[in-house]
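Protein chains in written order, with the working numbering: chain A, 1 to 239; chain B, 1001 to 1304.
Hints were generated in silico from the structure; no laboratory data involved.
Be aware that a few hints might be false.
[Stated by the list, open to error] Derived lysine to any residue pairs resembling SDA-like cross-links, with alpha carbons at most 25 Å apart:
| # | chain 1 | residue 1 | chain 2 | residue 2 |
| --- | --- | --- | --- | --- |
| 1 | A | K18 | B | R1127 |
| 2 | A | K84 | B | G1133 |
| 3 | A | K18 | B | T1093 |
| 4 | A | K18 | A | R85 |
| 5 | A | K84 | A | L225 |
| 6 | A | K84 | B | H1069 |
| 7 | A | K18 | A | G76 |
| 8 | A | K84 | B | S1078 |
| 9 | A | K84 | B | G1065 |
| 10 | A | K84 | B | R1072 |
| 11 | A | K84 | B | P1110 |
| 12 | A | K84 | B | F1053 |
| 13 | A | K84 | A | P157 |
| 14 | A | K84 | B | R1109 |
| 15 | A | K84 | B | D1099 |
Remember, predicted model here, so these are calculated numbers, not experimental data.
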Amino acid sequence: MSLAATYRLGARLFWRDKPMLFASVVTPVGLSIGMPLLMRHVRADGPAAAAEMFPATLAIVLAITAFMNITVALTGRRDQLVLKRLRATELTDGQILAGQISSNATQTFLVIVACAVAVFLAAGVAPPPNVLVVALVVAAGSAVMALLGAAYTAAVPRAELAAAYTMPVFLVAGVSAGAMGPIPLPSWLRPALDLLPTSVVVDAVRTGEPLRAALVLAGWAVAGLVALRLWFRWEPRRS
Amino acid sequence: MTTTIAVNGLRKSHQGFEAVRDISFEVAEGEVFALLGRNGAGKTTTVEVLAGFQRADAGEVRVLGLDPHTGRAALRRSTGIMLQEAGFFPDLTVAATVDIWRGFIAAPRPRAEVLELAGLTGRADVRVRQLSGGERRRLDLALALLGRPRVLFLDEPTTGMDPEARAATWDVVRGLAAEGVTILLTTHYLEEAQRLADSMAIMDAGRIVAAGGMAETLAGRAGRVSFLLPAHVDPGELPLPVAVEDGRAVCRADDPDLAAQTLLTWAAGRGLRLAGLEVRQATLEDLFLDLGGDAELSPAGGDR
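Whole structure, please, built from the sequences with the hints as guidance.
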């Protein structure tokens, strides 16, 4: 019952914070729909290029709508002592975090589904084979990225720095998925980048093959939970 | 009587600074207990340990028989906490905030009831960011009361309130105490401790410097009347005992208004004028002077 309450709170705050929505929803959605659309119209191999580009943009949505959004939200609430106030209620620590993570993951998943429908209609990008299985991978990827974003708050010293601190994650996720165009990367780096949670989701959407993604995401989930358990801070650091 | 809160030999340090140094006290069921002290005395640290936010370094702490740190989840069902500082969601209205918090509690009071208790009925549709500091304190109180707690921790509950709101909050605290709620409050207002508390302890620099009867006696001398001692008047002639400080006669009294009246009547009978008459409630600083303590004793800084 209380988990439902924190879930609803998370969803409400997600859609209510207008300036944040611009950064965490409008921008990635614009890229996720705009880039395939652009490919469709400017490239000679339009439909194929659009179909190649769309899955890559999902890395951006995952890095921003899930990861950055939850990092900014949780560091802000930590530093304003809202998390502390929540802990003064009957809620357990687990309910507070699980509610936030699951609501953020749901919003991310909905945003991705909306993007997929839009590019299908506007750019003719067909859904992958096993669409339901792939949808499950996307949902799991959203949850893992939200979980990792929550754990990442431990590394962010102050709320003002939260968005800036997530930039490297956004860049690495985007570049390694190919969402930022063909950037040459050293070959020894490739295997590591292919193990990013965003990369395995992109790969599953491209191929319709969920197994590898499921295994890698499970590993990241364990890492995220352990980090959360060990390092999550509920209150700002005392200077 | 049952002991609801028991603290025995509590110590707590933050980064090498000893905020609480070996304090002990007990609060009986249904009692209002005031922890009186200046900023930095260790009051907030004590409350945070009692509320389970921090773990004690040494000593034993029990609330309703449970260790507040390990038994936090169980304790939350019967405790309410008004933190000294904690944030709200600034864009939500008062009503929305209360409704959301009701979802966090198994058997919450109705929204209208807590808003009424906290005196916020007319402010239900106002966004939290538009509330005054005192109104935020009252919203804090409203949230602390939502779960009908048996034990209530109030950390400086009336700081930032105007006199009217303060009096209203005192009424609420008295009402809850009358229903049998055990209340531990911290304050730096002598008057607040004196009016509300059944018993009190005075903290300074992490220690309890006066408790029980002694603290009450000290706090009881809360009033202060002073005036320029008229020429040719010997302090011994005055109807009340006074101390002379820099040519001013200073009289300590439980009821400073009554003392001032007595002195004025006496002066009028002699055709004297009491120049520079000042009547005020004593502050905690006065009390520390009484204690013979050094007013600069405790380190400056936040109340951590």
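For each hint, the structure was consulted:
1. Between K18 of chain A and R1127 of chain B the CA atoms are separated by roughly 16 Å; this keeps the pair inside 25 Å, and the hint holds.
2. Proximity of K84 of chain A to G1133 of chain B is assessed by CA-CA distance (about 19 Å); at most 25 Å being required, the pair is judged to hold.
3. Using a Cα cut-off of 25 Å, the hinted pair K18 of chain A and T1093 of chain B holds, with the two alpha carbons roughly 16 Å apart.
4. Restraint check for K18 of chain A and R85 of chain A: the C-alpha separation of about 24 Å stays at or below 25 Å, so the hint holds.
5. Restraint check: the Cα-Cα separation between K84 of chain A and L225 of chain A comes to about 20 Å, which is no more than 25 Å; the hinted pair holds.
6. Of the pairs offered as hints, the one joining K84 of chain A and H1069 of chain B holds, with about 14 Å between alpha carbons and a cut-off of 25 Å not exceeded.
7. A distance of roughly 15 Å separates the Cα atoms of K18 of chain A and G76 of chain A; the hinted pair therefore holds under the 25 Å criterion.
8. Between K84 of chain A and S1078 of chain B, the direct Cα distance comes to roughly 18 Å. Compliance with the 25 Å bound is thereby established for this hinted pair.
9. Of the pairs offered as hints, the one joining K84 of chain A and G1065 of chain B holds, with about 24 Å between alpha carbons and a cut-off of 25 Å not exceeded.
10. The suggested pairing of K84 of chain A with R1072 of chain B holds, with an alpha-carbon distance near 13 Å, which does not exceed 25 Å.
11. Our distance criterion of 25 Å between C-alpha atoms is met by K84 of chain A and P1110 of chain B, whose separation comes to about 23 Å.
12. Straight-line distance between C-alpha atoms of K84 of chain A and F1053 of chain B comes to about 8 Å, which keeps the hinted pair within the 25 Å bound.
13. Between K84 of chain A and P157 of chain A the CA atoms are separated by roughly 17 Å; this keeps the pair inside 25 Å, and the hint holds.
14. A threshold of 25 Å between alpha carbons decides the hint, and for K84 of chain A with R1109 of chain B the separation of about 22 Å falls inside it, so the pair holds.
15. Distance hint between K84 of chain A and D1099 of chain B is fulfilled; the C-alpha atoms sit about 18 Å from each other, no more than 25 Å.
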